[in-house]
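Participant: Chains as they are written, first to last, in this note's numbering: chain A, 1033 to 1274; chain B, 1033 to 1274.
Derived from the structure by calculation, the hints contain no laboratory data. Hints may contain errors.
Note that identical chains are pooled: a pair holds if it fits in a single copy or bridges any two copies.
[Said to hold, decoys possible] Okay, derived cross-link-like pairs now, PhoX-like style, lysine-lysine, Cα gap no bigger than 20 angstroms in a straight line:
(1) K1085 with K1109
(2) K1051 with K1138
(3) K1149 with K1085
(4) K1257 with K1267
(5) K1074 with K1114
(6) K1210 with K1149
(7) K1267 with K1138
(8) K1081 with K1114
(9) K1109 with K1081
Small disclaimer: the values here were computed from a predicted structure and weren't measured.
There are 2 protein chains.
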Amino acid sequence: MPLSRIYKLHISPDRKYVKVLKNLLGFVPGNLSLYKMAFRHKSIALVLKNGSKNNNERLEFLGDAVLGSVVAEVLFKLYPYKDEGFLTEMRSKIVRRANLNQLGRKLGFDELIEFDKKAINISAKHSSLLGDAFESLVGAVYLDKGYDFTKDFITQRIIKPHIDIHQLELTETNFKSKLIEWCQRHSKDISFEPIENIEGDNDKLFSVQVLIDGEAMASGIDYNKKNAEKIAAEKTCEMVGI
Amino acid sequence: MPLSRIYKLHISPDRKYVKVLKNLLGFVPGNLSLYKMAFRHKSIALVLKNGSKNNNERLEFLGDAVLGSVVAEVLFKLYPYKDEGFLTEMRSKIVRRANLNQLGRKLGFDELIEFDKKAINISAKHSSLLGDAFESLVGAVYLDKGYDFTKDFITQRIIKPHIDIHQLELTETNFKSKLIEWCQRHSKDISFEPIENIEGDNDKLFSVQVLIDGEAMASGIDYNKKNAEKIAAEKTCEMVGI
């Protein structure tokens, strides 16, 4: 065991925190301040002298991108005969905010995140603090250990034990029916209205607008009308928080 | 010079193609079939026996993700004091389809892409074949050489010589004024209408809908009303092809 590892786990004043992280991550973190940053929500962050904010939002930006790339490769290799439409849909199923929130909860992030407990209810079902922190953690691991390590971490430590990809493949998330059911439950009228069709270089683009009780919600665009509806429905589900 | 390199550059029946790629990429490609695939547009691709399509769309999916991740890191490190909103905006300026198309043209992709010349006009200003192929190429380099190599390739061979990041930072793409000007030029009425405001856990979300001649175009959502308008304007610019 190298000395720095012994120091971090047994001597350093942060040794308790290092052990918690080691249990979570499966490895001893190198640069501890990155991980502390990953779990610092903007609600308690200070604005530093140089004008930057000492919270996890920048790491979330980076981690979101790295996670998207790793998941893209996992799917690309897992499904060698599926087209990019299928891959895109599978990825969005995996990295949906609701899933990442759930994942953060499973991993015990509610104990790790520093946030303003008076202002925020982290137990709220749709609290995105947990999913945001998961992405930030990916950013921290990437900066600390590099891409290949992060890829292994995500595949071995996150996807394998926590995400059943083939199950996700089967459980088609039908956002359109989900949205229609939600509207029925809340006695709201819903309609999918075609809006301007755009003539592209080669193909015809369809645009669809979701209206709920006559109010415009999200819209979707695709070369296929059904897909445009699906996109609009998915975005509207995000908007209304279902 | 290793034997395989001598073979590829001087003896192989593909030696001419290998030299073209070497000039473009700055290195001798390993797995040539990946690069051939990257330049094969769906308009001429065959459907293989297993149902998969022999074209660049899957590589584009992967390359888009890898490119997004590399550009995220470049910006994260280049701007240590800027917040994630700035980083997100800068990235979308860099990887906008119009920019990638222009990049593909600069790099001479029009000579390399295989496509159905009868059906498609690759010179058309908005032809996305070139940008799509650029992303596919990134996917091919990644599978051939790994992440760190691809990161070097993108930063040294693409960003440094072809993309002036600081210039992009200054030339704020004001999609709202761009859109308003376009509407004036085409004698169309434009308005930005607030739609349902969503009460989140902590913050208030604003939704804005763009209407052109009374028809709903794209919408935008953000915690800040101005940003919601900006997002809606940018998406509408993409829709109408400006």
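Participant: Which earlier hints can't be squared with this structure?
Facilitator: 6, 7
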